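So the protein sequences, as listed, match chains L and H. Numbering-wise, the first sequence is residues 1 to 331 according to my numbering. Numbering-wise, the second sequence is residues 1 to 295 according to my numbering.
Don't take every hint at face value.
Claimed, not checked - Partial selection, computed: residues in chain L whose CB lies under 7 Å from chain H:
#1 Leu63
#2 Arg96
#3 Gly97
#4 Glu98
#5 Met102
#6 Phe104
#7 Gly109
#8 Ser110
#9 Leu131
#10 Thr191
#11 Val195
#12 Thr196
What the hints assert, rightly or not - One side only, chain H facing chain L, incomplete, derived with CB under 8 Å:
#13 Leu186
#14 Arg193
#15 Ala194
#16 Gly269
#17 Asp288
Derived from the structure by calculation, the hints contain no laboratory data. Please read all numbers here as calculations on a predicted model, not as lab measurements. Just so it is clear, CB atoms sit at the ideal spot from N, CA and C, and this is done for glycine as well.
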Amino acid sequence: MTCSTRGAAEPLLRIEALRTEFPTNAGPVRAVDGLDLTIGSGEILGLVGESGCGKTVTALSVLGLVDRPGRVTGGAIRFGETDLLALPPARMAAIRGERIAMIFQQPRGSLNPVMRIGSQIAEQFIRRRALGRAEAWARAVALLRAVGIPAPESGARAYPHEISGGQAQRVMIAIALALEPQLLIADEPTTALDVTVQAQVLALLRERCRTLGTALMLVTHDLGVVAQLADRVTVMYAGHAVETAPVASLFARPMHPYTQGLLAAIPRPGENRERLAEIPGSVALATQTGCRFAARCAERTRLHLDRCENEMPPLVPRPDGGMVRCWAAQS
Amino acid sequence: MSFTTAEPSLLALPAAAAGSRRATLHALLHNRTAWIGGGVLLLIIFAAAFAPWIVPYDPYRVDPIVRLQPPSLAHLFGTDALGRDIFSRIVYGTRLFLLICAIAASIAASIGVTLGLLAGSGPAWLDMLIMRLIDVLLAFPYILLVLAVIAILGPSLWTAMVAVGIAGIPGYARLVRAEVLSVRSLEYVEAMRAAGAGVWRIRLGTILPNVVSPLIVYGTFATPLAVLAAAALSFLGLGAQPPAAEWGAMLVNARTLMFTAWWTVAAPGMAIFVAILSLNLLGNALRDVLDPRSR
Numbered sequence: 001m002t003c004s005t006r007g008a009a010e011p012l013l014r015i016e017a018l019r020t021e022f023p024t025n026a027g028p029v030r031a032v033d034g035l036d037l038t039i040g041s042g043e044i045l046g047l048v049g050e051s052g053c054g055k056t057v058t059a060l061s062v063l064g065l066v067d068r069p070g071r072v073t074g075g076a077i078r079f080g081e082t083d084l085l086a087l088p089p090a091r092m093a094a095i096r097g098e099r100i101a102m103i104f105q106q107p108r109g110s111l112n113p114v115m116r117i118g119s120q121i122a123e124q125f126i127r128r129r130a131l132g133r134a135e136a137w138a139r140a141v142a143l144l145r146a147v148g149i150p151a152p153e154s155g156a157r158a159y160p161h162e163i164s165g166g167q168a169q170r171v172m173i174a175i176a177l178a179l180e181p182q183l184l185i186a187d188e189p190t191t192a193l194d195v196t197v198q199a200q201v202l203a204l205l206r207e208r209c210r211t212l213g214t215a216l217m218l219v220t221h222d223l224g225v226v227a228q229l230a231d232r233v234t235v236m237y238a239g240h241a242v243e244t245a246p247v248a249s250l251f252a253r254p255m256h257p258y259t260q261g262l263l264a265a266i267p268r269p270g271e272n273r274e275r276l277a278e279i280p281g282s283v284a285l286a287t288q289t290g291c292r293f294a295a296r297c298a299e300r301t302r303l304h305l306d307r308c309e310n311e312m313p314p315l316v317p318r319p320d321g322g323m324v325r326c327w328a329a330q331s
Numbered sequence: 001m002s003f004t005t006a007e008p009s010l011l012a013l014p015a016a017a018a019g020s021r022r023a024t025l026h027a028l029l030h031n032r033t034a035w036i037g038g039g040v041l042l043l044i045i046f047a048a049a050f051a052p053w054i055v056p057y058d059p060y061r062v063d064p065i066v067r068l069q070p071p072s073l074a075h076l077f078g079t080d081a082l083g084r085d086i087f088s089r090i091v092y093g094t095r096l097f098l099l100i101c102a103i104a105a106s107i108a109a110s111i112g113v114t115l116g117l118l119a120g121s122g123p124a125w126l127d128m129l130i131m132r133l134i135d136v137l138l139a140f141p142y143i144l145l146v147l148a149v150i151a152i153l154g155p156s157l158w159t160a161m162v163a164v165g166i167a168g169i170p171g172y173a174r175l176v177r178a179e180v181l182s183v184r185s186l187e188y189v190e191a192m193r194a195a196g197a198g199v200w201r202i203r204l205g206t207i208l209p210n211v212v213s214p215l216i217v218y219g220t221f222a223t224p225l226a227v228l229a230a231a232a233l234s235f236l237g238l239g240a241q242p243p244a245a246e247w248g249a250m251l252v253n254a255r256t257l258m259f260t261a262w263w264t265v266a267a268p269g270m271a272i273f274v275a276i277l278s279l280n281l282l283g284n285a286l287r288d289v290l291d292p293r294s295r
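With the rest of the complex left out, here is chain L (with noise of 0.2 Å):
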């Protein structure tokens, strides 16, 4: 299968205008507003953004899985021909694992500590392929096989609490693709993880999304982990999207001052800064009118653009075929 049909037919994942709400006390907040966002088939996109940015919920919106109270309240969510807003949570539960799938920040901690790992990749196969106990069993022991699992038969008779988190990773990597869903979304898959385990988990990811055709949504604030894994990157700020474009001319040429900020503040070997550089301010609510970076904008306070703080810059092409939302990348 290839994995570089980008943005050019119909793509497999296609968010418009996402909008999921939480209700406080203090009125709702809008945790995703806005959200433009599109996945073709077999590509790996980045969504990167801060803290609190709203890529996890964006992530549970696309599965159904946002918690009471909060709830999608506008936008649409297309997954090839199926709107995923539009379906009854029993057909929603028929496409979880079964076409989208995903996998958590805690590696540990997503697994049932009470049985056996193999049985809970064997599962999978009993109650969505009807297999046997012994062949569901077998085809559990392949995957584990498959993800880097030493000795997978043995492996396959442990517990979570057994085995290491950059393994517990792999198990969940294996659990998430048995079925060989279409989409695969990785929530911060490597963070709770040693850096050294980090690069392997990632290559595991990158290598068996390919081999099964399957698109990756890799939810990540590292930067480094999407220059080193995705065909095209989304950058989130404040709930919605400010940046796509493919990876390499992202990181050759950043438009919006925030994503420019973010890679200004990755340090560099051989460079020797007393302090690592940093965007300052933090995250403005999506409340107001107006860019919401604008309070933070280094580029708006050099270039005095007024309409920042009142008008809403749209989405415009980059000339790569991406997407920038800001007035000065547009001026």
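Based on the hints, put chain H in the right spot on chain L.
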């Protein structure tokens, strides 16, 4: 006899020890209390299973010639006012003891666990409905609730077991609900949802197995209470009816003879004491082993 139910919150343990079944078994085998409690319980089960081969006399055969014999080699625990061999009746009594344990505990546990699971993992209105019903049950003093159920169903050993079972529901329901609430927002439950598991799949396959260990511990404390209550009902004439070889019933029939033939009272009293003690010891040992805080 005391009729207070053990407070569930005291026994609500984190399910942290779950998953390490082998370690649990290992710790249990090195626990002297567990050996004593479990040993006596096994002895009771053995006696119940092989009662006809153990007893020297038919426990129901009346023989006025040997009435009120003190303990001797012929009659180990003596005979009662009708000349029945008390040892034989005690041995047969193990069957009713285990029956009461099984019936009362399974009624209380099955209904209580189901209600607790539904309340803890279901929609808010269902939680409200179930827990208010449980509060109603709890508002009655334990023995009064049991008596009320018997008043409705009529006195017999079976209704006594059902009544004691019903009175045990609130404890289980509250314990399970509390445990479910702490488990249901954990990551692996979320992961199961993301894998497309249905509501019942998650309740029975993921949440329930993770709340089992505190449940086992609670069961070993709640069950002896149920047995005591059933014995008390027999003592009040509302449970097992004569001539049943039930320890509580034997106790009440012999109570007028307490000062003339002490063995008629001592034997069933000791039997109840030892049996309950064994369950409590086992419960203590299980709690020590399953509770990570006491290690």
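Quick rundown of the hints versus the structure:
Annotation: interface hint on leucine 63/L holds; nearest CB of chain H at approximately 6 Å, less than 7 Å. The beta carbon of arginine 96/L is positioned within 7 Å of a beta carbon in chain H (closest approach about 3 Å), and the interface hint is therefore held. Because the closest C-beta pair between glycine 97/L and chain H is about 3 Å apart, less than 7 Å, the hint holds. Using the Cβ-Cβ criterion of 7 Å, the hint placing glutamate 98/L at the interface with chain H is satisfied: the shortest such distance is roughly 6 Å.
Using the Cβ-Cβ criterion of 7 Å, the hint placing methionine 102/L at the interface with chain H is satisfied: the shortest such distance is roughly 4 Å. Nearest Cβ of chain H to the Cβ of phenylalanine 104/L: about 6 Å, under the 7 Å cut. The hint holds. A hinted interface residue such as glycine 109/L counts as satisfied when its beta carbon comes closer than 7 Å to some beta carbon of chain H; here the least separation is about 4 Å, so the hint holds. Interface restraint check for serine 110/L: the shortest CB-CB distance to chain H comes to about 4 Å, inside 7 Å, so the restraint holds.
Because the beta carbon of leucine 131/L sits about 16 Å from the nearest beta carbon in chain H, more than 7 Å, this interface hint is broken. This hint is violated: threonine 191/L has a C-beta 13 Å from the nearest C-beta of chain H, more than the 7 Å allowed. Because the closest C-beta pair between valine 195/L and chain H is about 22 Å apart, greater than 7 Å, the hint is violated. Interface restraint check for threonine 196/L: the shortest CB-CB distance to chain H comes to about 23 Å, outside 7 Å, so the restraint is violated.
Contact between leucine 186/H and chain L, as hinted, is supported at the beta carbon level, the nearest pair being about 7 Å apart and thus within 8 Å. Contact between arginine 193/H and chain L, as hinted, is supported at the beta carbon level, the nearest pair being about 6 Å apart and thus within 8 Å. Nearest Cβ of chain L to the Cβ of alanine 194/H: about 4 Å, under the 8 Å cut. The hint holds. For the restraint placing glycine 269/H at the interface with chain L, the shortest Cβ-Cβ distance is roughly 41 Å, beyond the 8 Å limit, so the hint is violated.
A cut of 8 Å between beta carbons decides the hint on aspartate 288/H: the least distance to chain L is about 20 Å, and the hint is violated.
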